[in-house]
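There are 2 protein chains.
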Amino acid sequence: MNILMIGAGNVAWHLATALEQKGNHISVVYSRHLDNAQLLAQQLNNALATNHTNFSEVGADLAIVAVKDDAIAPLVAQMQLPPQTIIAHTSGNTPLQVFEHLNGNNDFGVFYPLQTFSKNSPVDFTAIPFCIEGINANTETILFDLASQLSPNIHSINSFERKVLHVAAVIACNFTNHLFAQSAHILQREDISFDLLKPLIQETIQKALNNDPRETQTGPAVRNDTKVIQDHLQYLKNNPSANALYTSLTDSILQWYT
Amino acid sequence: MNILMIGAGNVAWHLATALEQKGNHISVVYSRHLDNAQLLAQQLNNALATNHTNFSEVGADLAIVAVKDDAIAPLVAQMQLPPQTIIAHTSGNTPLQVFEHLNGNNDFGVFYPLQTFSKNSPVDFTAIPFCIEGINANTETILFDLASQLSPNIHSINSFERKVLHVAAVIACNFTNHLFAQSAHILQREDISFDLLKPLIQETIQKALNNDPRETQTGPAVRNDTKVIQDHLQYLKNNPSANALYTSLTDSILQWYT
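Chains A and B, in that order, are what the protein sequence lines are. If you count the first sequence from 1, position 197 lands on 197 in full-length UniProt numbering, and the numbers rise without skipping. If you count the second sequence from 1, position 105 lands on 105 in full-length UniProt numbering, and the numbers rise without skipping.
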């Protein structure tokens, strides 16, 4: 497949190199900053780097838009595409409707790898779920087939479901990270290494993910152990941020289980 | 070392078998329920099972108290020990002072493996930090040496530090588990599998634990992305429990980073 890569960030970088390894050709890499486009193009077989958004003369079956969420709509509005090129973005947040302001009549869809990508750390696409959405069945099939080259884990997910996944991901990932940060901060205040807790964290998370996390809940709140809870809040009285979180998470667990 | 194992639950089970494998002898297993003591004793080389608390005639260098937190003080009050036997509990919550009501003048300490144990799932003690506390240097050395047989990861942790570790563990483990449960519940309401999120959760957690979690924070709150936050809260308006958590965790992240 002949692919136009719009964006040269983490997602574009990993997708472009992985798709070329599967026999596709990235004909053009676009970035607002030509330098970035050139950096990625150098990793590829004969890709042209550009910072212009008129692609009407480019031969491409598919344009993949892998840029920040709030950059998608403005880019889509100014972009010129050949009439047969399908366009798809890689975002978890942005609904399919962002493509309604396309200049042409191109088919469009979503090609969303549900993962967090970092520069310089290798990506195992076979472990990554792809969430696919298409404006019609033909587009959806084409995007499905392309994703199948990278991963056996492909799902048809509409824009509403993708938003729900995003809410759930924020709660399970971003908020979890913040709890680790709060925990590390508490230990640092007393000069205790966060490393001490890591084996316990790993084991707790494996248990939660290998079972139903609603069944693996432990700790003072699920036992309604008022004495320990009061003890902990007393210790946290000079740490209002951790104290507030401790209270709201304990209340939430008490509401669920007692 | 000749060891008296007080308790026959998960911790006692894994500790007793691991300590015998290292050449120690468990002479007696005590449990309030004789059946439980017998079950564990059968796994050991020539251990006596009992539900009596007079151990004054038992030959033992060390008594390990591996029972529930609120059972430690009543047991300690009724127990009779030989005068040379050191006594240590395995609890993260209970302070050293629980041993001040011992009948004799035995030395005492804490022998706390910082991990969560499940029946029937094997334990790799070499990955588990041990937190040691002793009423005097001699006791601490003896407990340190015993823990060294099982793990290279031994720390001298006093009762105050152990309480801080427990607060930090509740935040990093019990609360994290509850966030997974909330996330799984949100997806279930829309008939989306929690499995879809697991690769993202695994990657997020590895990133947080391999770096400083304060540096790996991502998501709408740390970007102060008001539009996405309002969108998510709007979606959660019929889920008061998740809505309240979303608000308090978002507030906490905003306070830390913006």
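No lab work stands behind these hints: they were computed from the structure. Watch out, some of these pointers could steer you wrong.
Intra- or inter-copy, both count: the list cannot distinguish identical chains.
As the list claims (entries may be wrong) - Capping the alpha-carbon separation at 20 Å, the derived lysine-lysine pairs in PhoX-like fashion look like this: (1) LYS163 with LYS207; (2) LYS207 with LYS237; (3) LYS22 with LYS68; (4) LYS68 with LYS198; (5) LYS227 with LYS119; (6) LYS227 with LYS207; (7) LYS198 with LYS227; (8) LYS207 with LYS22; (9) LYS198 with LYS22; (10) LYS237 with LYS163; (11) LYS227 with LYS163.
Results for each hint:
Taking CA atoms no more than 20 Å apart as the test, LYS163 paired with LYS207 passes in neither setting, with 27 Å inside one copy and 24 Å between copies. Taking identical chains as interchangeable, the C-alpha atoms of LYS207 and LYS237 are never at most 20 Å apart, the minima being 31 Å within one chain and 30 Å between chains. Taking the shortest Cα distances, LYS22 and LYS68 never come within 20 Å of each other, neither inside one copy (25 Å) nor across copies (56 Å). Neither within a single protomer nor between protomers do LYS68 and LYS198 lie at most 20 Å apart by alpha-carbon distance, with minima of 33 Å and 23 Å respectively.
For the homomeric pair LYS227 and LYS119, neither the shortest alpha-carbon distance inside one copy (47 Å) nor that between copies (27 Å) is at most 20 Å. Neither within a single protomer nor between protomers do LYS227 and LYS207 lie at most 20 Å apart by alpha-carbon distance, with minima of 26 Å and 35 Å respectively. In this assembly of identical chains, LYS198 and LYS227 lie within 20 Å of each other by CA distance neither inside one copy nor across copies; the values are 26 Å within and 34 Å between. Proximity of LYS207 and LYS22 under a CA criterion of 20 Å is satisfied in neither setting, with 36 Å inside one chain copy and 28 Å between copies.
Taking CA atoms no more than 20 Å apart as the test, LYS198 paired with LYS22 passes in neither setting, with 38 Å inside one copy and 25 Å between copies. For a Cα distance limit of 20 Å, the shortest separation of LYS237 from LYS163 across copies, 14 Å, qualifies, whereas the shortest one inside one copy, 37 Å, does not. In this assembly of identical chains, LYS227 and LYS163 lie within 20 Å of each other by CA distance solely across copies; the values are 13 Å between and 40 Å within a copy.
Consistency with the previously given hints fails for numbers 1, 2, 3, 4, 5, 6, 7, 8 and 9, ordered from lowest to highest.
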